[in-house]
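*Asks:* Generate coordinates for the entire structure from the input sequences, incorporating the hints supplied.
Which chain is which? The protein sequence lines are A and B, in order.
Mapping to UniProt numbering: the first sequence position 25 is 25, numbers consecutive.
Mapping to UniProt numbering: the second sequence position 128 is 128, numbers consecutive.
If you are wondering where the hints come from, they were derived from the structure by calculation, not from laboratory data.
Each hint should be verified, as a subset may be incorrect.
Just a sample of chain A residues kept apart from chain B, beta carbon distances all over 10 Å, derived [said to hold, decoys possible]:
#	residue
1	32
2	51
3	62
4	67
5	82
6	88
7	96
8	199
Partial chain B-side listing against chain A, Cβ under 10 Å, derived [claimed, not checked]:
#	residue
9	149
10	157
11	159
12	163
13	168
14	183
15	184
16	187
17	193
18	197
19	201
20	202
21	204
Quick caveat, the model's predicted, so the values are computed rather than measured.
Here a beta-carbon is modelled for each residue, glycine too, at the ideal position from N, C-alpha and C.
Protein chains: 2
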Amino acid sequence: MTPSAPTPAYRRLSVEERRSQLLDSALSLFAHRAPEEVSLDDVAEAAGVSRPLVYRYFPGGKQQLYEAALRSAADELRLCFDEPRQGPLLPRLSRALDRYLAFVDQHDAGFSALLQGGSVVETSRTTAIVDGVRRAAAEHILSHLGVSDPGPRLRMTVRMWITAVEAASLIWLDENKEPPVDELRDWLVEQFVAVLTVTARRDPQTEALVRAVLGADD
Amino acid sequence: MTPSAPTPAYRRLSVEERRSQLLDSALSLFAHRAPEEVSLDDVAEAAGVSRPLVYRYFPGGKQQLYEAALRSAADELRLCFDEPRQGPLLPRLSRALDRYLAFVDQHDAGFSALLQGGSVVETSRTTAIVDGVRRAAAEHILSHLGVSDPGPRLRMTVRMWITAVEAASLIWLDENKEPPVDELRDWLVEQFVAVLTVTARRDPQTEALVRAVLGADD
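*Replies:* Right, here's the structure in full:
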């Protein structure tokens with residue numbers, strides 16, 4: 001997803017390569033401007049191809065390109081959550097957050113535009129893509145916690161923390177990336193422990209979890 | 001905002017009364033269906049008036065009516081935050097949450113539709129209305145905390161908690177309003193204290209606050 005070097009026009013790309021090149025160009029444009037400020041001409045220019053070629057790959061025009069770029073970003077975000085199921089739990093969470101925050105840092109305004117909604121091309125379909133990432137994050141966390149049948153209180157706690165992390169990322173971008181990313185990561189991990197501990201007071205499943213899994217990390 | 005009893009067609013309403021009657025009807029429809037499933041005919045029928053009359057008040061059609069209904073809901077939400085600045089802090093927060101959760105409970109699916117975005121009529125304008133409510137909530141909290149110049153860490157903590165509360169409300173509606181509303185309210189207050197306490201470890205302003213304001217509540 002790192003924008004590839006401009007491809008000389010004479011090089012023949014396979015259909016897959018071309019498609020992925022166009023998505024890269026679109027994503028790096030969306031990364032610096034809101035979707036409504038990106039035109040298909042901009043994408044064609046950034047990719048060094050003609051506008052008709054962009055249309056050949058994305059006949060649905062900007063909406064289709066935006067959704068494909070969002071889907072590609074969503075896939076990349078999901079990769080951030082991949083973490084081997086070994087070693088203490090909180091360092092695993094820290095490493096996943098490091099990758100996630102690096103993604104936020106790299107995509108910057110594009111991250112806000114992609115995930116914040118409120119774009120003129122926002123539809124229930126794009127919302128579903130973003131919700132899918134949130135759900136995947138929750139499933140990863142519950143699976144690392146070793147919980148296969150989470151009760152409503154534990155589930156709600158995890159989902160609330162994920163939403164809070166998302167809000168923190170958007171605010172962090174708004175605030176010129178203050179506090180420094182390492183502090184933000186540690187702070188988010190500490191908040192995770194704190195909210196789980198609060199839930200543990202009123203939910204036996206979470207209590208057992210906090211004792212078994214988080215206690216072992218101390 | 002409680003839907004008024006159907007007004008007999010022969011009663012002459014003032015312009016303001018009629019407008020507010022149409023908004024009430026629209027809001028109670030949006031409260032049970034997503035905006036894209038509500039037509040102007042539905043609003044006219046619910047209000048016991050003709051479709052042309054709805055258009056006379058909202059010549060911009062559904063988009064305008066939706067925005068006006070959203071604005072009216074936003075105003076009502078802001079009223080939830082009004083709380084006298086006296087007595088211990090946490091009970092004040094509990095009372096504001098009680099009113100907020102009563103609003104969520106009453107408007108139900110309409111609350112999701114109004115605040116969740118992802119509607120087909122979502123625009124950056126409607127997002128701005130919802131963001132305005134979030135900002136107002138943050139300002140109320142900071143003012144109750146007696147902070148006139150919040151640093152980035154305190155501000156971020158408060159905004160993250162507000163987002164988490166919003167997420168909790170949507171999940172709560174999804175989960176058939178479980179846990180019971182009183183438990184949810186207490187749990188949210190406890191989370192507020194917990195995340196502030198975590199921030200206090202790395203932010204002197206928040207630390208002083210936790211000691212002065214929250215400590216006094218124990």
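*Asks:* Hint by hint, say whether it matches the structure.
*Replies:* Results for each hint:
no. : hint : verdict
1   : 32   : holds, 18 Å
2   : 51   : holds, 26 Å
3   : 62   : holds, 16 Å
4   : 67   : holds, 13 Å
5   : 82   : holds, 24 Å
6   : 88   : holds, 19 Å
7   : 96   : holds, 18 Å
8   : 199  : violated, 7 Å
9   : 149  : violated, 15 Å
10  : 157  : holds, 8 Å
11  : 159  : holds, 6 Å
12  : 163  : holds, 4 Å
13  : 168  : holds, 5 Å
14  : 183  : holds, 7 Å
15  : 184  : holds, 9 Å
16  : 187  : holds, 6 Å
17  : 193  : holds, 8 Å
18  : 197  : holds, 7 Å
19  : 201  : holds, 7 Å
20  : 202  : holds, 7 Å
21  : 204  : violated, 13 Å
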